[in-house]
Amino acid sequence: MNKKLFLALMITSLPLLILISLGVGTLTTVNINTLFKVLLGLSLTKSEKAVITRRLVRTLAAMIVGFGLSYSGLSLQYILRNPLAEPYIIGLASGAALGVLTTYLIGLAHPLYVFISAIIGALAVFLIVLSLTTILGFNPPSIIIAGIAVTYSISSVNIFLIIKLLSKVKGAFYWLFGSVAYVLDYQLIYSSIPVIACCLWLLLRSRELTTLVLGDEVARALGVNVSRIRAEVIVCSAISTAAVVALAGPVGFIGLAAPWIARLTIGTDFRKLLPISVLTGSIMCIAADVIIRVSSPIMEVPLTAITSFMGAPILIYLLMKRLGWSGA
Amino acid sequence: MRARISILGIIAILVSILIIISSFLSYYVISLSTRYNELRSSLNKEVSDIKSSISNALDDLSSLLTKLNTTLSSLAKNVTSLRTETLKIHDIYQEIQELKVKLKELNESLRERATLEDLRELMVKVDRLESMLSNAATISDIDKIRSAIDEIREDVSKLSSLMEFPAEVIDASGEVVVIPSKPHRIVSLLPSVTEILFAIGANEQVVGVDEYSNYPPEVVKAVEEGRIVNIGSGWYPNIEKILSLSPDLIIGVDSVVSHHTLKEIFSREGIPLILLPDKTLNDVITSIVIVGKATGHMDEAAKLAQELRSEISNLRSKVMEYVSTHGKPRVALIVWLNPVWVVGNNTWLNDLITLAGGINAFINVSGWVSINPEALIEASPDIIIVTHTGINSSNALKMLKEFVGDAYKQIPALRHGEVYCIGGHYLDALIRPGPRVVQALKILIAIINPEVLGLKPGEVPEDVNPDTFKMPP
Numbered sequence: 001m002n003k004k005l006f007l008a009l010m011i012t013s014l015p016l017l018i019l020i021s022l023g024v025g026t027l028t029t030v031n032i033n034t035l036f037k038v039l040l041g042l043s044l045t046k047s048e049k050a051v052i053t054r055r056l057v058r059t060l061a062a063m064i065v066g067f068g069l070s071y072s073g074l075s076l077q078y079i080l081r082n083p084l085a086e087p088y089i090i091g092l093a094s095g096a097a098l099g100v101l102t103t104y105l106i107g108l109a110h111p112l113y114v115f116i117s118a119i120i121g122a123l124a125v126f127l128i129v130l131s132l133t134t135i136l137g138f139n140p141p142s143i144i145i146a147g148i149a150v151t152y153s154i155s156s157v158n159i160f161l162i163i164k165l166l167s168k169v170k171g172a173f174y175w176l177f178g179s180v181a182y183v184l185d186y187q188l189i190y191s192s193i194p195v196i197a198c199c200l201w202l203l204l205r206s207r208e209l210t211t212l213v214l215g216d217e218v219a220r221a222l223g224v225n226v227s228r229i230r231a232e233v234i235v236c237s238a239i240s241t242a243a244v245v246a247l248a249g250p251v252g253f254i255g256l257a258a259p260w261i262a263r264l265t266i267g268t269d270f271r272k273l274l275p276i277s278v279l280t281g282s283i284m285c286i287a288a289d290v291i292i293r294v295s296s297p298i299m300e301v302p303l304t305a306i307t308s309f310m311g312a313p314i315l316i317y318l319l320m321k322r323l324g325w326s327g328a
Numbered sequence: 001m002r003a004r005i006s007i008l009g010i011i012a013i014l015v016s017i018l019i020i021i022s023s024f025l026s027y028y029v030i031s032l033s034t035r036y037n038e039l040r041s042s043l044n045k046e047v048s049d050i051k052s053s054i055s056n057a058l059d060d061l062s063s064l065l066t067k068l069n070t071t072l073s074s075l076a077k078n079v080t081s082l083r084t085e086t087l088k089i090h091d092i093y094q095e096i097q098e099l100k101v102k103l104k105e106l107n108e109s110l111r112e113r114a115t116l117e118d119l120r121e122l123m124v125k126v127d128r129l130e131s132m133l134s135n136a137a138t139i140s141d142i143d144k145i146r147s148a149i150d151e152i153r154e155d156v157s158k159l160s161s162l163m164e165f166p167a168e169v170i171d172a173s174g175e176v177v178v179i180p181s182k183p184h185r186i187v188s189l190l191p192s193v194t195e196i197l198f199a200i201g202a203n204e205q206v207v208g209v210d211e212y213s214n215y216p217p218e219v220v221k222a223v224e225e226g227r228i229v230n231i232g233s234g235w236y237p238n239i240e241k242i243l244s245l246s247p248d249l250i251i252g253v254d255s256v257v258s259h260h261t262l263k264e265i266f267s268r269e270g271i272p273l274i275l276l277p278d279k280t281l282n283d284v285i286t287s288i289v290i291v292g293k294a295t296g297h298m299d300e301a302a303k304l305a306q307e308l309r310s311e312i313s314n315l316r317s318k319v320m321e322y323v324s325t326h327g328k329p330r331v332a333l334i335v336w337l338n339p340v341w342v343v344g345n346n347t348w349l350n351d352l353i354t355l356a357g358g359i360n361a362f363i364n365v366s367g368w369v370s371i372n373p374e375a376l377i378e379a380s381p382d383i384i385i386v387t388h389t390g391i392n393s394s395n396a397l398k399m400l401k402e403f404v405g406d407a408y409k410q411i412p413a414l415r416h417g418e419v420y421c422i423g424g425h426y427l428d429a430l431i432r433p434g435p436r437v438v439q440a441l442k443i444l445i446a447i448i449n450p451e452v453l454g455l456k457p458g459e460v461p462e463d464v465n466p467d468t469f470k471m472p473p
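As given, the protein sequences belong to chains A and B, one line each in that order.
According to this note's numbering, the first sequence holds residues 1 to 328 in order.
According to this note's numbering, the second sequence holds residues 1 to 473 in order.
Calculated directly from the structure, the hints in this document are not laboratory data.
As the structure is a prediction and not an experimental result, all values here were calculated from the model.
Among these hints, one or two may not hold up.
Covered by chain B, per the in silico footprint, the following chain A stretches (three or more residues, Cβ under 8 Å) [said to hold, decoys possible]: (1) 14-24; (2) 101-111; (3) 159-169; (4) 173-182; (5) 250-258; (6) 265-276; (7) 295-306.
Here a beta-carbon is modelled for each residue, glycine too, at the ideal position from N, C-alpha and C.
Start from the sequences and build out the full structure, keeping to the hints where you can.
Next up, the structure:
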């Protein structure tokens, strides 16, 4: 009953939230009434249309960010068998930031170059992690250690670059801290294709992934090629996370919180968990973006500030409830 | 049990209704936006077709006009050299009067854009006038001729202003930005841009500025009265706020990364965004000309740029003459004290220090950098200029002495107390790449080489702000 209620709540709140997101913003003259005007086929003014288009791009971008990060986080938690795994653990965010900073260093600031360099940077660093893990042995601990080590070393390069380049990264913190305020329509399209494709691929592999919970030996006994599944999942999450990071910068906490919120309410079946955590992630991101626009109507605030602030209490509440049950 | 089933049923029905409504809504939004995009692209195509045909026709006209302009300027040069000739003045004067009438007619007919013949005639007349002038003039009547020629020039520039739009400017991103008609709703993203717009007389066209735009004082007043809207942070502007002003031109700068993204976003809505170059002192003057062309204030902008250039070169020659006998002091410009940030090479502030007759003590680093005490000791500046907001010179001196410790005795500026703090709107003039560069340069000269401006060494206070120090004319 509880699970079903949660599911119903999630499914209904996503479209509602999208509507709210389209109707809320700095410009209060463009609101829910304007949406009804769209619905009734009435014509809008030029600036109303422009504002609605911007909000649509922003909302869809937030949805894709939540979508991509949550399933990448979930599947990495599964295959690394580590509850703290999140999409950035394999070095993607620092790699993307390195790519972007390098483009600024060269003096290119065109958004398309920035987008491409973020993807290239993320995937390049991921390849370094991957080759390190093949040397160390392709198992969860070595992936995590290689990922963390590479993340830290790349981050130190990034910090160095930011300090050196401070006068060249004016106005770039919206990307470095994660925000959907300045997403462009073509970036949204380029990002959503790999994110959705990788999600479908993982959905096809969900039966094998569920068996991994029982341990490598049991999974092997059930006829699952454990190493191959692990490699597939890592590559899929790397691609989708790279696409998301290039779109909106490193938005934090969604990749950890969304799968956990889903897991604490639904259970451990990957086939059910995947859609639910994707829903949770999308809802969290859109809600965070709405909260940003309501709480700070003129100044743009990074998305990470809200996702972490909002996600942590929910996660702690669910964990405490869970512990209370098992303790009783 | 039954009640629970019925509740579940109601929930299920509500859920499905909501899903259906939301899918309808999203279908409407999507179909509307695609229809809007199709319409817009077809309209865009038509508009660009019309535009190209108009611009083809206008190309001829504008080339003629530029030729006219160059002829006229060479004419003016000739006039000044013709002080001894005495023949045919009245003929020329009549000729000029005729030309003026002709130009007035032209002015009218140009509105109908059918003027090629008239312009050719005008060219022939001007050529004839020039050949006459080259062997004719008396001292007393030269002034008359000169004023008549000035009037013709004005007419010509009025004519050319009719042809200024659609204007095409090449901005710092290297792209050609087309401004279809004279903009009347301009949004400025930075204080320096606002200053440029007001300096060239485009203030009536500005509808939005960023939150730090405070100069000239009319801006603050206009924002308070609601004639100009505050669009928030200039580095992270609020897109909806800008869209709500329905601007027809937005101006940002090259060095702010987010302005490049905004350029793409607003180009989707057909709103041109210009990125001004802002690296060097020369870029500042180029920016003024670009803004002038884009806003339809070409003459004012060209005049302002010319004034700034000549004032800078005047000051430069004075400074050069002075430092050739007195030597150049080493100057450190500290933009922030906590941590200590200094200005290095490749900045307009470095250009200003050099022009003011100083040697930037941190010439070997590029951009704005944070330094440690040893770097300051190594640089050993003779003069330190601090632009940290809200601090006085004695506190700055104390902080810098604490920063380097006992070694401060090795730094001439700290040993002799040559630490200057710039405040008030002098500070803004110095750190903004805008039309107040000459004022900024004068402030630096007053501190570094006061004798160049006729000041005595002790006359410039350590706290240089509008209350303590009046700028010499």
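Hint by hint, here is what the structure shows:
Only when three residues or more bring their CB closer than 8 Å to a CB of chain B does the claim for the segment 14-24 of chain A stand; here the count is 5, and the claim holds. Restraint check on the segment 101-111 of chain A versus chain B: 4 residues with Cβ-Cβ distances below 8 Å, three needed, restraint holds. Coverage of the segment 159-169 of chain A by chain B holds in this model, with 7 residues showing a Cβ closer than 8 Å to a Cβ of that chain against a need of three. For the segment 173-182 of chain A, the stated coverage by chain B holds: 5 residues have a C-beta nearer than 8 Å to a C-beta of that chain, and at least 3 were required.
For the segment 250-258 of chain A, the stated coverage by chain B is violated: 0 residues have a C-beta nearer than 8 Å to a C-beta of that chain, whereas at least 3 were required. Residues of the segment 265-276 of chain A lying with their CB closer than 8 Å to a CB of chain B number 0, which falls below the three-residue condition for coverage. Note: the segment 295-306 of chain A has 4 residues with beta-carbon separation from chain B under 8 Å; the three-residue rule is met and the coverage holds.
Violation of the numbered hints given earlier is confined to hints 5 and 6; the remaining hints are satisfied by the structure.
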